[in-house]
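Chains B, X and U supply the protein sequences, listed in that same order.
FYI, the numbering for the first sequence is 1 to 522, going by the working numbering.
FYI, the numbering for the second sequence is 1 to 463, going by the working numbering.
FYI, the numbering for the third sequence is 1 to 372, going by the working numbering.
Worth flagging that the hints you see were computed from the coordinates, not collected in a lab.
Mixed in with the good hints there might be a few duds.
Said to hold, decoys possible - The calculated label-pair distances, taken between Cβ atoms and stated as ranges, are:
#: 1; chain 1: U; residue 1: A129; chain 2: X; residue 2: H35; range: 50 to 58 Å
#: 2; chain 1: B; residue 1: Y521; chain 2: X; residue 2: Y57; range: 33 to 41 Å
#: 3; chain 1: B; residue 1: E34; chain 2: X; residue 2: A204; range: 21 to 29 Å
#: 4; chain 1: X; residue 1: K210; chain 2: U; residue 2: L268; range: 53 to 61 Å
As the list claims (entries may be wrong) - Looking from chain U toward chain B, a few residues come up when the C-beta cut is under 7 Å (computed):
#: 5; residue: G89
#: 6; residue: G164
#: 7; residue: F354
C-beta: ideal position from N, C-alpha, C; glycine also.
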Amino acid sequence: MEMKRIDRSQKVRVGFHEAKWDEAIIYELSKPGERGILVPKADKKVVDAVGNGVSMLPKGLRRKQAVNLPELSQNHVLRHYMRLSQETLGADVNIEIGQGTCTMKYSPKINEQLARGIFDLHPEQDPSTAQGIMEIFHETDKYMQEISGMSRFTFQPGGGSQGLFTMGSIVKAYMNSKGETRDEFITTIYSHPSDAAAPALKGYKIIYLQPDPKTGVPDLEAFKAVCTERTAGFIQANPEDTGLYNSNIAKFVKYAHKMGALCCYDQANGNAVLGVARAKEAGFDMCHFNLHKTFSTPHGCGGPACGATGVRAGLEEFLPAPLIDFDGKKYFFNYKFENKKFGVHKVRAYYGVAPVVLKTYCWIRSLGPNGLYQVTKTAVLNNNYMFKKMLEIPGISAFYITDDNQRVEQCRYTMEKIYKDTGVSTTDIQRRMMDFGMHYWTSHHPFFLPEPITLEPTESPSKEDIDEYVNTLKYVFKECYDNPEYVKSAPHSSTTHQVDESVMDDPKKWATSWKVYLRKYK
Amino acid sequence: MRGFPNHPYIPDSDPKIQKEMLKKIGMTSLDQLHHDIPNSIKMHKELNIPEAFDSEYALQRHVEGLLNKNTTCKENLNFLGAGCWQHYVPALCDDINSRGEFLTGYGGEPYNELGRFQSLFEYASMMAELVGMDVVNVPTMDWAQAAATTARMAQRYTGRPEVIVPELLDPDKLNIMYNYCEPDVTFVQVKCDKQGLIDLKDLAAKITDKTAGVYFENPGYLGQLEVNAQKISDMAHKAGALSLVGVDPITLGVVAPPSDYGADIVCGDLQPLGIHMNYGGGQAGFMATRDEERFVMEFPSRLFGIAPTSKAGEYGFGDVAYDRTSFGHLREKAKEYVGTQTALWGITAGVYLATMGPRGMEEVGQTMMQNAQYAVRKLNEIHGVKANSLGGAFVKEFVVDFTATKKTVAKINKALLAKHIFGGKDLSKIFPTLGQSALYCVTEIHTCEDIDRLAAALAEVTR
Amino acid sequence: MERKKLGLIINPIAGLGGSVGLKGTDGVSEEAIHRGAIPRAEERTQRALTELLANKNQVIVYTGPGSLGGRIAKQMGFPYVVDGALSDGHTTGKTTQDLVRWLQQQDVDLVLFAGGDGTARDIYAAAKASTVFLGIPAGVKIHSPVYAVNPSAAGALANLYLTGKVTKTSEQEVVDIDENQYRHDIINTKLYGYLTIPKEHAYTQNRKCASPPSEATAMETIAARVVDDMEPDTYYLIGAGTTTRAIMQELELAYTLIGVDIVCNKKLVAKDVYGKQIMQYIRGKKAKLVVTITGGQGFLFGRGNQQLTPEVIKKVGKDNLIILATKDKLFQLRGQPLLVDTGNAELDQKLSGFYRIICSYYETAVGKVATN
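With these hints in hand, go ahead and build the complete structure from the sequences.
Given below as structure tokens:
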């Protein structure tokens, strides 16, 4: 039989099925007697000297029964987790466009390899033995300074939200040092929810600016109406999650400064502006970058990560300590700048997630100034190309469309018309897109725009990848009209079917661990 | 030149393709993008950072060169612990957490990222057994963060503002807790006795009707096992407060889980469970409670639960009690935020526990205890050196008092370094009452020969 | 397992007007039939019930005879019980109300009703707070969010609710517009009350950050803020709506859902008061007015709270206006300004400007108020 060349012109993976192993819960795989590893035993000489060791444990502190852990041979443990990994749609295996706001870009493998080089460094080993990693921290600090125009960075914050929290803490510390008791923080609806939650945790009341219904960006007049001598800080993402850039940002910052507030730049969307615009020129006092997003150190299913946080000259003393400095001969931990009375002192153990800083260093060094510029320009080009193609799909539109229409690095669309026509909602589409091996994200809750879709192509996908993603969406939107029930009952080709979450809110039925499950469901 | 055509990480950096795409959007140049950014705040020059390496190999050479300036705990003999500990990392742990699917997964659903949900559910299930609780969160930043959250949970649970902490606590951890809990929780320090244990008299004096919880660690920061754990829990409970216990999870194969002595909320760090030290980048915090609605409702973090699906014969997963604000905290300023934390380390800790199994956890506990006790015995043979100077029971860490040698820890450590030994953490500045003392950590990775070598070196440098 | 009891109410004349350009059937159904209108409520009900067919054996339908629901239940093979006291034929709003009362006596688990805003008003008039309803859109005017987006969606949600897969509910507004004005293209919505409906579940997590609180919790936290900020010896006029009701519940005071109550020093001063009465209470006193957005179009005044006369609003003053809205409610406006239509153009003008809208214990949003 002749093997026919496959026609791939349609570019919709209708034959896709995600790996589905029907894999049991690890406790179900346990077989008493099997074991996964041989553990080092104390040498005979040691045992001869001290005996069994555990007899030292005081009464009441000796574990009575062996820990109820599964018993599996090593290859069975491996097989189990390999299967679970295959049931996880990481960025390495899909066209990562659907998780808008997450900047799901390619994470270079060489950086992973290099990061293994610091596996066995203890954070408190003598600085003379850690000069290499300290140099990497120090250099990366310098690069971040140049990229943002800020004066110093801390890498302690272990994620974006902790970066935002660190900025909130710095504002509080600064205000305390001035004897100020300001109690309000201003942010915007389209900034990340943590932009409100993090300062709120520091005790601030939050004021949201709503987007102007025409332009989509916050209204300067509204800002002036609420920015007062009670305002401690203003925090905004720019561009916001809609992919719109607030052109008036410098005016916002200027007014806030006039009122005595500090301005924090949430640069979670930093991929939009590398080498194009900086926090400094807009007048910000501080900013944070998500190294696991913009700087490619991977997301790791949700961390470890880093929310590198930088401040302008004059605020360094409020950063958590220590900073890593260079005296011309060697790198050292600098506690001298620290504001002992008011400073933030510490937000995370040691100096932050060192492998993430190392991978950031590698990424910047493999791109250089022109590469970073290329990253941003290509990400924005990809997004605007996609924007154009998306708006060609019947039933898809976006808000805040003007004649000279552009988005920066991502865009929030709406499928309200399709929902009204067919009853298929954006969350249904989210599940259906999984049947083609693709992510799709709607928006934070509650939705500000109806039936939202948030897509961010970054610089990693090619034009063909974007075409495939858009074609797949087009295919699914057509299905909404032809066979809405099928879309609503998705996923069909993923790892499992619709989860019955009614048990999740019932204390008698929820099961957060296997032992609880066994107790509640005999 | 601005731009880097045909960069291997950027498929659409090919000028031909860019031209085509620009045409589609009615533009002729990349400069036309970013039109909403005013000229006054745009950058008009190149970033002043080093040019890119011209090959992947060049990058590798350069970074390896930098890393060669370090000398690791494998190249040296390491006795540092104090919150970041050197343990054996089974090969499976690195193999699984470097799988691209896990490494680059993120915010998918329990369908397309079922593996992430299941592995984190299993992690929570195994951790729950280890600490003797029912509910364990998807991991947070580190132990300090977990302890801070534990304090906040207790404050919300009881509606009381104070949490009592021992004076012998990692000062960095306390700083993080202060910063995170301000302004809602006030920390009150309770004195410790000569053995480093909580002074029960002082505790009785400090527990009031304002006390939300008593936080203590077992083993404590200086390695000491808190023998009065049950009494402390009882005192807290009697006053209507919670017993909050921080643990080093790798000790729990031999040490009783905190649930045995009355703990209400347990927290700690996952780093010893299959995660390399990573220069302090391997930390990951956890909290655990019983499966009681009131406790579950206080977790700020995600909790994954198991559920049926629309098809028989399948387990699905989801978030348990996702709306956790409805429990009478209407006047709470804010719920704690949740964001990207340390999920991959949670998956890794799960792999570790599955690999170790019940026997492995028991054996590693025993080996650590034997090695550490042997080390204490050996060091105590040295004139002027007092190992386990606190005098109580310990698992893997203990204080060594060098005061009688008339040498400072700094000086001793420097001399040890010359012999390729990383001596214990210098405590003389953070706990001056302990004199010239250091915190030593001995685990299953140390051989008898290693310990003998340390002893010999110490004997020499303290002479 | 015991069969679930599904109540079913069809307003047989719902939707008649639309097909012949009448914009609603309130009071004009005969004219509509005269113009050749075809009843469609039954057909739309059938589309909804189709979603329940698979679980036919787990439900029993309680309904009225013939076109009120009995006919379609029988035709589709559902086991059903009919209210014998009612007769098919000439139906009015009272028929609907009678049927609601009977269904409530039968202790049904859920009432599906087909109709429009007028039908929802009739339902509300007889509804108990504990009864769960869900609307199948069949009328011409569908402004009340008690209706599902289309008949199939109503059926699907009813099915999930009856099979226990959806357990949460929420209170949604019953609003209606004046059909006489609507026929002249003037949209003037008015809030009449609230019905409890099942809350749809999305089957996705979308959880990259902390969840927002539920609508009910949000209201409670808003109420806590208002109560904590209450100043002594100040008269608080508590306007209509579920968000403002939460304040009265927090204070454990009796309240009027669609009306104005007065509170001072956390005690009830007067219940369900109108313009002149209000003036008598607050004359010479310090007063604050607490209002929320009603009627789905972002109105602060002029839709369902006519008790707040221009005189009252003027007396209270712009600076003593406390505006509340949950994020859910506020976000439905997508940044459009809040509207005022007090009946006094000059006052409307005066009220415009920026306000802080309280949306939780610690959060406010800046909202613009504009004239209609």
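Now for the hints, and whether the structure bears them out:
no.	hint	in the structure
1	U:A129 / X:H35: 50 to 58 Å	54 Å, holds
2	B:Y521 / X:Y57: 33 to 41 Å	56 Å, violated
3	B:E34 / X:A204: 21 to 29 Å	49 Å, violated
4	X:K210 / U:L268: 53 to 61 Å	34 Å, violated
5	G89	33 Å, violated
6	G164	6 Å, holds
7	F354	4 Å, holds
Hints 2, 3, 4 and 5 from the list above are not met by this structure, while the remaining hints are.
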